[in-house]
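Residue numbers (the working numbering), protein chains in the order written: chain A, 1 to 472; chain B, 1001 to 1472; chain C, 2001 to 2472; chain D, 3001 to 3472.
Hints are computed from structural coordinates only; laboratory data are not their basis.
A hint or two may mislead.
Straight line, CA to CA, 25 Å or less: simulated DSS-like cross-link-like pairs of lysine-lysine [stated by the list, open to error]: (1) Lys2334(C) x Lys2318(C); (2) Lys3184(D) x Lys102(A); (3) Lys3341(D) x Lys3411(D); (4) Lys2102(C) x Lys1472(B); (5) Lys2180(C) x Lys1469(B); (6) Lys472(A) x Lys3180(D).
Residue-level listing of the chains:
Number of protein chains: 4
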Amino acid sequence: MIARTRRALAISASIVVGVQLVEAQTVAVTGGTVIDATGRPPIADGVVVLKDGRITAVGPAASTTVPQGATRIDARGKYVIPGLMDSNLHLFLNLDTETLVKYEDRYHEIVVEAAQIALKTGQTTVFDTWGPRGALSKARAMINAGQVQGSRIYYAGNIIGFGGPFSADFRAGAAPHLSKAFVKRINDQWEEGSGRELMWMPPDSLRVAMRKYAALDHDFLKFGASGHVEMFFISFSPRAMRIIVEEGHRLGKTVQAHVTSPESIDMAVDAGVDILTHGDISGPIYPIPMETLQKMAAKGTAVSSLATTKRARDAQIKHAPNGVLTPYMVVAAKNIENMVKAGVRLMVSTDAGIEHPVMLAESPTLAVDTVDARVKLGEGHFNALVGFEEAGMAPMEILKSATSNVAKSYKLDRDLGTLEVGKRADLVILDADPLASARNYRSIRSVIKDGKVVDLAALPAAPIISSIKVAK
Amino acid sequence: MIARTRRALAISASIVVGVQLVEAQTVAVTGGTVIDATGRPPIADGVVVLKDGRITAVGPAASTTVPQGATRIDARGKYVIPGLMDSNLHLFLNLDTETLVKYEDRYHEIVVEAAQIALKTGQTTVFDTWGPRGALSKARAMINAGQVQGSRIYYAGNIIGFGGPFSADFRAGAAPHLSKAFVKRINDQWEEGSGRELMWMPPDSLRVAMRKYAALDHDFLKFGASGHVEMFFISFSPRAMRIIVEEGHRLGKTVQAHVTSPESIDMAVDAGVDILTHGDISGPIYPIPMETLQKMAAKGTAVSSLATTKRARDAQIKHAPNGVLTPYMVVAAKNIENMVKAGVRLMVSTDAGIEHPVMLAESPTLAVDTVDARVKLGEGHFNALVGFEEAGMAPMEILKSATSNVAKSYKLDRDLGTLEVGKRADLVILDADPLASARNYRSIRSVIKDGKVVDLAALPAAPIISSIKVAK
Amino acid sequence: MIARTRRALAISASIVVGVQLVEAQTVAVTGGTVIDATGRPPIADGVVVLKDGRITAVGPAASTTVPQGATRIDARGKYVIPGLMDSNLHLFLNLDTETLVKYEDRYHEIVVEAAQIALKTGQTTVFDTWGPRGALSKARAMINAGQVQGSRIYYAGNIIGFGGPFSADFRAGAAPHLSKAFVKRINDQWEEGSGRELMWMPPDSLRVAMRKYAALDHDFLKFGASGHVEMFFISFSPRAMRIIVEEGHRLGKTVQAHVTSPESIDMAVDAGVDILTHGDISGPIYPIPMETLQKMAAKGTAVSSLATTKRARDAQIKHAPNGVLTPYMVVAAKNIENMVKAGVRLMVSTDAGIEHPVMLAESPTLAVDTVDARVKLGEGHFNALVGFEEAGMAPMEILKSATSNVAKSYKLDRDLGTLEVGKRADLVILDADPLASARNYRSIRSVIKDGKVVDLAALPAAPIISSIKVAK
Amino acid sequence: MIARTRRALAISASIVVGVQLVEAQTVAVTGGTVIDATGRPPIADGVVVLKDGRITAVGPAASTTVPQGATRIDARGKYVIPGLMDSNLHLFLNLDTETLVKYEDRYHEIVVEAAQIALKTGQTTVFDTWGPRGALSKARAMINAGQVQGSRIYYAGNIIGFGGPFSADFRAGAAPHLSKAFVKRINDQWEEGSGRELMWMPPDSLRVAMRKYAALDHDFLKFGASGHVEMFFISFSPRAMRIIVEEGHRLGKTVQAHVTSPESIDMAVDAGVDILTHGDISGPIYPIPMETLQKMAAKGTAVSSLATTKRARDAQIKHAPNGVLTPYMVVAAKNIENMVKAGVRLMVSTDAGIEHPVMLAESPTLAVDTVDARVKLGEGHFNALVGFEEAGMAPMEILKSATSNVAKSYKLDRDLGTLEVGKRADLVILDADPLASARNYRSIRSVIKDGKVVDLAALPAAPIISSIKVAK
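Please model the entire structure based on the sequences and the hints provided.
Pasting the structure below:
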C-alpha cells in the first residue's frame, strides 16, 4: 500500500512540474489497460499520446510510437479511460436564502467551486441543465482561459417554462420574507424571458419569445415538458414543444426536456427532443409504457438517467417523510431496466450540486442523500454507475453511459467521449478495472484534462460552500 | 300598468288551476309573437299547442287549429320563445366549509333549490358541468318524478382530472382544519375515481379508469384540459384526451373540456370534444389564434361562453384585488367577438350557482359579482345574453345561444331547443321583444315546462342557502 | 362471577322500578363499608339512609335505624363513598370545525351527553371551568328539571381574558376558512364581553366590565392569570386580578385562575383566588417555589390538579412530537409531590371533555391521550386518582380530593362532598376498597344521585359525539 | 442666502482645519443666543468656551472671558444649544433577512453609519435601547477611539425577556426559510441569555440569570414589561420586575421598561424603573389613568415618548392597513397631553433606525412613515419635538426633553445635557430660534461634539444601508 501511494505521489508531482514548465509538451500514458469507450475491447499494455490538448495516438505499445521527449506517465497495472461526464447536473444548486443573498455577486465562484469538485472526481466535462446563465458563462470563461481549474462546462441556463428560484417552481415560500427587488433580481437571472408566462402563449408569440431566448449564449436548450414541484402536469402543447425544439435546432443547439410522467415523456419524444432529462422518472405509480421506450430507441432519443442503488432506494423508503419521494426512484429503477432491454441510449446523470453542509445536516429531506448519495456533487456519478450495474447494464455500456453516450447525445462526439485520435486529451487513470465492477470508478489515480494532469489535491481551490463547517 | 298586472295574475291563476285539475289537458298559447329559435322569422299572432308534454302544433293563428277543449293562454302583445338553457352552471357551487359540513346529507336539497331558481328565471333545462354526482342524481330523480319543481337537469359529475373540493384544485387550505375522514368523504363524492391521479396514467391505465368512470350515470363527460386554480398548465396529453373523448362517445355521451389557455383549447379541439367549457377563456394575455377558431368552426366544436357586460368588466377592473381576475374577461370579450366573426357556435353559460348571501357580503372577490352578476344563479344568464349583444351577435343568434344551440351541442335537439312539433313543451312568455333588445329576456311573464305552467312565485319552495340573512 | 353480575342486575332493576314508582320513597344502603370522606375511619356494616334527595342517617348498622318501608340496597362486601367530582373539566370541549358548524344549535345536547358520561363513571357533580355559557345553562336546566339524566353541573362560562374558540387562544388558524359571521357568532358565545380586550383595560374600565360580566348566571368565575397557547405570559396586573376576584366574591361566587407558570401562580394566590386551575402546571422547566406553596397552604388556596400516571408521562415523552408537551407533566408531577408535602388542598381535575373518536384517531397529539388518558371524559378522573397515589398522597386524602375537598373549595360543603346527614344523597357503591388501591375507584357498582339509583347502562342516552364511528 | 451659506462654509472649513491641526485647542463660540437647557433664560450675545472636550465657561459676553489664542466661532444671529439626544432609538434596526444575512459580520458598520446620521442631524448622544450588543460595543469603541465619527452611544443590548430577531417577538415567519444555525446565531447575538425563557423563571432562577446578564458591558438595562408583537400581555410578575431593577441598580445601571398598556406601565413604575420606554403608548383604547401619571410624577419616573405630529397621525389613520397601527398614536397623543399637565418628565424618543430605502419603498406599513416620519433616523427627532409643541409643552421644556431631561433620566447629568461649566463640550448652533418654534430645531448650522466641529457634509462616511438605490 505504502509503495503504491508513494509512486502515485511521485507521478503526480513529476507531471505537475512538467506541465508547468513545458506547456505544449507531449505526454504519453504507457503500460496501462486502455478502454477507449468506443465499445472496442480493452487494449492491454496500451499507449495514449497527448499533444496540444488532443489525442495524437492510441494503441498497443507494440504498435504505437511514443514521441521522443514525451513526458511518460507510467500506468502499468492501471486502467485508462476517457474523462467522465455528467449529462445532467447543476453547478449552482444552492437555492437556500442565505447563499442566494450572501453571495449574490459571487455565484460564478460557486460554479467554479463545483466545477473543481467535479473535475477532482474524474469528470472532465459536465452538462449543467439548469442554472443562472450569467454566472455559468463567467465561470466557464475563467476555466477556458485557464485562470482557474475546472470541468469543461456546457450549460442550458433556465428550463424554459420554469420560473426562477423564488417562483412556484422552487421556493415561493421564501419570497414574502425578502424584498420584491431582490426576488425579481434573482428570478430574472434564471428566467431571462423564458419563465412561466410562456405557458400562456399561442404559437406565434412563443416563436418570437423562443427565437429571442435561444439566441443567448447557451450551449443547448432545455424546456419543461412537465412541472417541477407539481410533477404531474404538462407544460406545453405538442405544437409548442415542436416550436421550442425547432428554434434550438435552427441554431445548432441540442434540445432536451425535463420530463416526469409517462405522458410528458411521450410528448417530448414526439416533439423531437435529443435528450430526455431524467427520462427515467415517470412519477410515483406507472412505469413508462414499452411503446414509448421503443419509440425512443427507434428515434435515438437519449436519456439522462437518475440511476440509484438499491441501498439508496431502501434508505429513502425508510427515512423519507411519508415515503413520498421514494416511489419515484422505485418506478425509475424499473424504467431503467426496461430501457436497457429496449436499447435506449442511457447517460449517467445526477441533478447534483454542491450540498451545503449545514442545510444537509438540518434537513430531514436532504439527509436521505447520505446513503449512496445521488445529488451530492462528486459522489452522485459514482453511485449512478453502480445503479446501472445493478439494473443489468453491460460493463462496457456503463462506461459509455458516462463518456461516449453523453458526447454523442449532445452532438459533441467529434471532440469528446472516447480515446481516439483527434479527440480532446481528457482521460482518467484508475487503479482498478471499471469493467470488473462499477465500484472501481472510484479508484481514481489521475485526471488529465486537455492533456494536462490535474493537481487533484488542490481542488477545490477556493471553496465557498463545501468548506462550511457545521456547528455542534 | 295596474291593468296589465291584474290580467297577468289572472292568467297565471287560471292556468295553474287548470293544470292542477286536468293533468293531460291540451294547452294553447295564442295571440303572441312566436319566435321558434330555428332561425325562422317570428310568427305574429302565432299559436303553440301543447299536449302530453310535447308541442303538437306551431304556426300562425290563421293556419293553426286550436283543439277543442284546450286551455287557452292569451299571449297577445307578448313573445313566445323556447325555454331558456344554461349550458354550463353548477347547481351545487357552495364549497364554503360551513355549507359542506352543515348540509352534508342534504346537498341534493340545495341542488333542488338551485334548479328552482333556474326555472323561476326562465331556464327550463340546465347543464351542470361540475358537481357531486350523487346529489345531482337524487335531485334530478325528484324533479323528474314530479315530487318537486325544477329545471330539467343534465349533469357531468366531476371534471375528469380534478381533485374534489378540498384538493389543490379548489380549497386545499381548509383541509388541515377538518378531519381527514370528512375531507376524504367530500372529495370522494366529486372524484369517484376520476381525480388528479389520472394525470399520471399512461394510455392503458387511463383507458381502464375511464371505461369504469364513464359508465356511471352522468349525461355527459367533462375533463380538465387545463388546470383550475393554476389555469396555465395542461392536464392531459393528446392521446390521453382522445381516450377520454372516445370512452364518452362510445357510450353516446357528449364530451366537453374545461379549457383556460390558447393551447388547452387547441388540444381539446384536436381531441374531438363536442363542447369547450368556457371556451372563450384563454388566460390573462393572449387571445385564441384565428387558426384555432377556424378549426372550431369547421369541426363544429361548440363553445359555452362566459360572456360578460362591459359594465361588469369595468367593475372587475376597478374592484378586483390587484385586478388579477379581470384580464381574463377582457381577453374573453375579444375572443367572443372573434368567435362571432369566425362563425363558432356559441352558447350562454355562467358557471353560476346559488351565491351564499353571507359569503358574498364578506368576500371582496365575490363582491365584484354584484354588477351585472355572472356567477349569481338566476341573474347570470340574463347578463350573458346582453354580453353577447354587446359583442355584436345578431338578435336571432342570441336567442339560439340560449336555446337551440345548446340543444344541438349536447345532441338533444330531437327533444329540446326550438318551438317545433314534437319537441318538449318548454316555453317562456316574455312581455317585451327579445329581438329588440337582449335586456328584454328579463321580462318573463310565464314559464311552461313539460306543458305545464310553473307557479313562479312559489319558487324556490324550500330555500336553504338563498334565504340566509346577513347579520348587520 | 356470574352470580355476582346477576345480583347486581337484580339490584339495579329493583331500584329503578322502585324509583319510578315511588318518587319520594326512602332508600337505605345497608351492609357496606361506608367511607364518608370526612376523614373519619370507614364504618363497617354501615347504613346510609336517603330521603327526599338528602341523607337522613349515616352510621353503623348497630346504631342506625332503617325506616320502615324503605327500599333496601344490599351493599354487603361493597364500599359506599360520596359521589365523585371533577373540579375542572369541559363538558363541551369540541372545538373542531366540524362539530362547531354541524351542531351549532345543539351544543347543549353535547353538554348533556358529557354530563351523562360523567355520571355513568361515578361523577355526580362536575365543575365546568370553560365553555359556552348558554349551552351549559340550557343543559343544566334540563338535568335539574329531570328531563334528562346527568351530573350536577356548576360552570364558569368563559375564562376571563381569553378569546373564543377561533381566537389566538385556541384555533385562530381555522377562522380564515369560515365566514366572519360564524366566527363572531361562536366566539361571542364564549366571550360575552370578557375576552382579550380586558387585558388592555385600566382598573376603572375593568371594574365596569367585570361587574357586568360577573352578574351573568355563572356559578363561579375563572380568569386567565396567564396565556393559553402561549403559557408563558401574564394576562393581568395584580390590581386587575384583585378587581376580578372582588367582583366575583361580591356576588358570592368563588373565583379561580387559569395558571401555567410559577409567577402566574404566585400572583393569583396573592390576588386571593379560591382555586388555582391546574395549579400544578408551572411550565416546562421550573417547579413552583416552596415559598409559593407555603403561601397557598397558609391561605387555603386550593389546587385543581392535572395529576397523571407515570405510564402516561412516559407515553407522552415517547410519542409527543418533539416531546414538547411532555415536560409540563413531568414538572407538574414534581409540583404535586411538593404540594402533598406542603399540605396544599388538592382536587382531582382533568380538563376532560368528550373526545371525538375521529379526531382522536387522526391526531398525533391527541393520540398520546390513549395511555392512562387524562382528557378523555369518563377515564381521566380514574387515572388522576392513581396519579395522586403515585405522588404519595394518603388513601383518605385521595378520596377527599375527589369529594369533600372539591365541595369545600367551591364553598358547597354545606350540601356536597361527604356522607353526612343533611347532605345531598349522592353516593357511589364500589365493588373494591378504594383505600386499598386507587385503581379500585373504577369498580363502580351503582351510582345514586339525589337519592335515586342511576341506570348506568342507559347512558349516554342520545350520544352525538361519543358514538361516532371511525371509518377504516 | 448666498452670503449666509458662504459664511457657513467658511466657518466649517476654518474650524475643521483648526481642529485637525491643533487637537487640544481652545474654542469659543461667541455672539450667539445661548440657551443652556437648565431652564434659565437665554443669554443674548453669549459666549461658550470649550477646552479639552469640556465646557470651561458660559455666560454673557460682557462677563465671560475668551481665552487668548482660542479659535472663535462667530455665532451672531444664531442660537447655541446643548447637543441633542434621542433617549430611545435603534442604531441597528435592520431586521430584513437580506441585511441580516448579507452583512452578518458587519453589523457594527451599520451601527456606525447610523451614529453618523444621528450626529449629522444634531444628536451628539444617543441611547440605543435594543440591538446586538456585540456590534454596538464594537462601533462605540471605534467612535470613542476617534477612528470614526459618530454620536456618543449608550446602549442596552437586548430587551430582557424578548427573543431575538427570528423569534415570535419579531420575525418568526422568516425562520423556516433560513438555516437553524443562522437563526440561532443571530438570535443569540441579541438574547445572550436574556430571552423568553426568563418569563418562566421563579425568583431565584431569575436572580441568577439577571446577575449574570447585567454584568455584561451594557450601559443600562431594559426589560419588557409587556409583549412586543402582542402588546397586550404582561411579561413579568411584580417581584420579577423588582429583581431586574435591583440587579441593574446594584451595578449602577439605570433600568427601563418597554411598556405598551396601562397596566404594564403601572407595574413598571411600581417596580422602580428609571425610565418607561415609549411610556406614552398604552394601546389602542385606553389612556393611562391619572392615578398612574401622578405616581410617575411623584417618583420621578421619566418617559421616553414617541410624540408624533397631528399630520403624521392623520396619515396613519388614512394609509395604515385597517387603521390598526393608528389608534396607538392617537391614544398616545392624549397620554402626552396628560403627562405635560401632570408634570411627568418627558424625553424625545423615536425608535428610529436607518430605514432601508428598498424596504421602505415596498412596504405599505413602513410607507406611512413618510409624513413627518418618526422611525426614520435623522428625521424622527425633529418631528417629535414638533409633536411635543402640538401637545402644549412649553418651549423651554421641549428643549429640555431632548437634552437635560435625557441626561438626568439616564443619570448622566454630571457630564451631559446642559451648557454648563464642566459638562462635555457638545453643542449645536441653530440658524433660527428653537424657542420661537419647534420647527427651528431643523435649522442646524454646526454641530460640535467633544469640543470639535463636526464635518457634517462628510457623514455618513461609508454608508451601507442609507445609500441603497431603489430600482425603478
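Status of each hint after checking the structure:
1. Lys2334(C) x Lys2318(C): 19 Å, holds
2. Lys3184(D) x Lys102(A): With a Cα-Cα distance of about 17 Å, the restraint between lysine 3184(D) and lysine 102(A) holds, given a limit of 25 Å.
3. Lys3341(D) x Lys3411(D): Holds, because 24 Å separates the two Cα atoms, which is no more than 25 Å.
4. Lys2102(C) x Lys1472(B): Status holds; Cα separation ~23 Å.
5. Lys2180(C) x Lys1469(B): 14 Å, holds
6. Lys472(A) x Lys3180(D): 12 Å, holds
Comparing the model with each numbered hint stated earlier shows that all of them hold.
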